[in-house]
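From first to last, the protein sequence lines stand for chains A and S. For reference, each letter of the first sequence is one residue, going 191 to 463 in my numbering. For reference, each letter of the second sequence is one residue, going 221 to 512 in my numbering.
Everything hinted at is true.
Which chain A residues face chain S? A few, computed with CB under 10 Å, are given here:
#1 Gly199
#2 Pro306
#3 Met311
#4 Ser337
#5 Arg360
#6 Gly367
#7 Pro413
#8 Val414
#9 Ala417
#10 Leu453
#11 Leu457
Computed footprint of chain S on chain A, listed as stretches where at least three residues anywhere in the stretch have a Cβ under 8 Å from a Cβ of chain S:
#12 202-209
#13 231-244
#14 273-286
#15 313-320
#16 392-406
#17 425-438
Derived from the structure by calculation, the hints contain no laboratory data. Glycine included, C-beta positions come from ideal geometry on N, C-alpha and C.
Listed here are the chains, written in short residue letters.
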Amino acid sequence: MKPSLAMVGVNAALAALAALTLFPLVWMVCASFMTPGEASTYPPPMLPASATLVNYRVLFADYGLIRQAFNSLLISLCATALSLLFNLSAGYAFAKLRFRGRERIFRLLLGALVIPAQITMMPLFFMLKRMGLVNSTPGVLVPWLASVFGIYLVRQYAQSIPDELLEAARIDGAGEGRIFLQVVLPLLKPIVVTLAVLAFMGSWNDFMWPLIVLTDRDMQTLPVALATLSREHVQDVELMMAGAVITVLPVLVLFFALQRYYLQGLLVGSVKG
Amino acid sequence: MKPTQAAWLFVLPALMAIAVFFVVPVAAALLMSVTDFDIYGLADLGNVRFIGLANYLRLVQTPLFWQALFNTLFFVLVGVPLSVAASLVAALLLNSPLARLKGLYRTALFVPVVTTLAAVAVMWRFLLHTRYGLLNYGLSSLNISPIDWLGNPHWAMPAIMLLSVWKNFGYNMIILLAGLQAIPADQYEAAHLEGAGAFTVFRHITLPSLVPMLLMVSILTMAAHFQLFAEPYVMTQGGPAQRTVTVLYLMYEEGFKWWSLGSGSAVAFVLFLFMFGFTVIQIQAARRWGTT
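Isolated chain A (complex conformation) (with noise of 0.2 Å):
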C-alpha cells in the first residue's frame, strides 16, 4: 500500500468515527429546536424546518425547570467545595506527613474501592431518615465528603513536592497549617483544578443516589427531573430534547474549558493497578 493511501484511510476512519460519535448530539440539539412533534414524521428530519424556541420556553415557564437547574447548580458547586476541603489536606498528609500506621491506612483505603458504593445506599438512606435529611440538600452531599480517589488523586501529584522546602520553611517557623496553605497549595494548583472539574461533573451527572434521597419534585436535579419527565412525556421528543440540551450544556461547557485537567485526572486516577 502506498503511504498516501494508507493516510487517507487513517483520516477517512477518524473522521467516520467523530462523526458517528458527536451524531446523536448533533441531532438532540436540533430536535430541541423542532416545533412540537416535527421529529416524529417519516422520514425523520435532521433540521428543523423553522427553528423555535417553544421547547425551552415550556420547559422553564410551564415546567419550572429553573428551579431544578438551581438544584444541580447549588448541589455541584457544594459537592466541589466539600471534595476540595477533605481531599487536599488528607492528600497531601498521605503524600509528605509523616504519621504512624500511614502506609498501612492508605492500602486499607485503596482496597476500599473493590467494594461498590451501592451497598452503602440503604443504611445511608436509613441513617439519613434518623437525622431528617432525606430529601435534603446535604442529604445528596454525603457521599461527595471525602473519596478514596480523590485523596488518591492528589497523594499521587503531592509526592512531587521537594521535601527541602517543606523542611526550609518549618526552620523559618512556619507552623504545619500556614505551610499548607502558603507553600503546598500554590504548588497543588494543577491538581485543585483537577479535583475541582472531576467532583463538580461527578455530581452533575450523579443519577441514582439523587434519584433516592430527593423525593420531591422541587428538590430535585435536572438529571432526575428529566428522567421523571420523559417518563411522563414518553412522545414530546422536542420538548424532552431540550431538556437533555439543559442538563448536557453546563458539563460540556466546563470540559470544553478545562480539558486539559480533565483528562490528566483521568490519566493519573487510572494508573493504580
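With chain A fixed as given, assemble chain S onto it according to the hints.
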C-alpha cells in the same frame, strides 16, 4: 504543634467522613441483609428481626433474581469486550503517525464521556424509536427492516450496549492512547528495518506492551458494567419481559420501591461478590498469560 499532630489534623476529617459514611454503612448493610428490615423498620428499629440467611435463600428461589443476574452477566461479558475493542481501535487510529488533526478528533471522540448519562439515555430512547428513530432510518437505507430496539426482548439489552459503547469508549481510548505513546519508537524502527508488516508489528510489539494497560482498562470497565442502572431505569424500566432488569435495578426496586431494605442489601452483597470474583479471575488470568 508537632508535625505528627498536624498530620492527624490533616487526615482525620477525611478519614472520619469515610468511616461514618462508607465503612459503617457497608458493615450496616451486611447486618441489614440478615434482617427483615422493611418500611416498618425504617420507622422504628424495634420492628426489625434477625432472620439469618432467609433473604439470600428467598433470592435464589426468585426467578427475577436469576434473570437479573443473567442480564447483568450478558451485559458484562459481551459489553466489556465490545467497549474495550472500540477504545483500542480509536486509540490505534489516533496514535497512527499518518493521522492529522489528532487533538480535534481526540476531543470529538471523548465528548460522550462527559455528557450526563440520564440525559443521553433519554435521547437514545428516541434515536432507537422503531418508526421515527434515526437508527432504524439509517438501517433502512441498508435494506434492513425496522427493529423494535427497546420493545423486543432480544434487542433491548444489545440496544443498551450500543448506547454504553458510544458513551464510554472515549474514556478507555485516552488511557490506551497514553499506553501506545509510551511504547519506545526504536522498537518500531527495528521492526521496520527487519521488514515486518503492519499486522506483525501490532501482534508482536504493540499488543504485548499494551497487555498491562488492557487488563487495567478491562477491570475498570467491568466494574462499571456491573453497575448498570440508569439506562434501564430511563429507557426500558427493566422491560421488555424483564430482559433489562439488572442486579442493581433489582436492588433499587427491592430497597426503594418495595422498601425491603434487608432484601435489597442482600442483592447488593451478591453484586459485590460477583464483581470481586470477576476481578480476581481477570488478575489471575493476566498473571498466567504474563508468565508464559
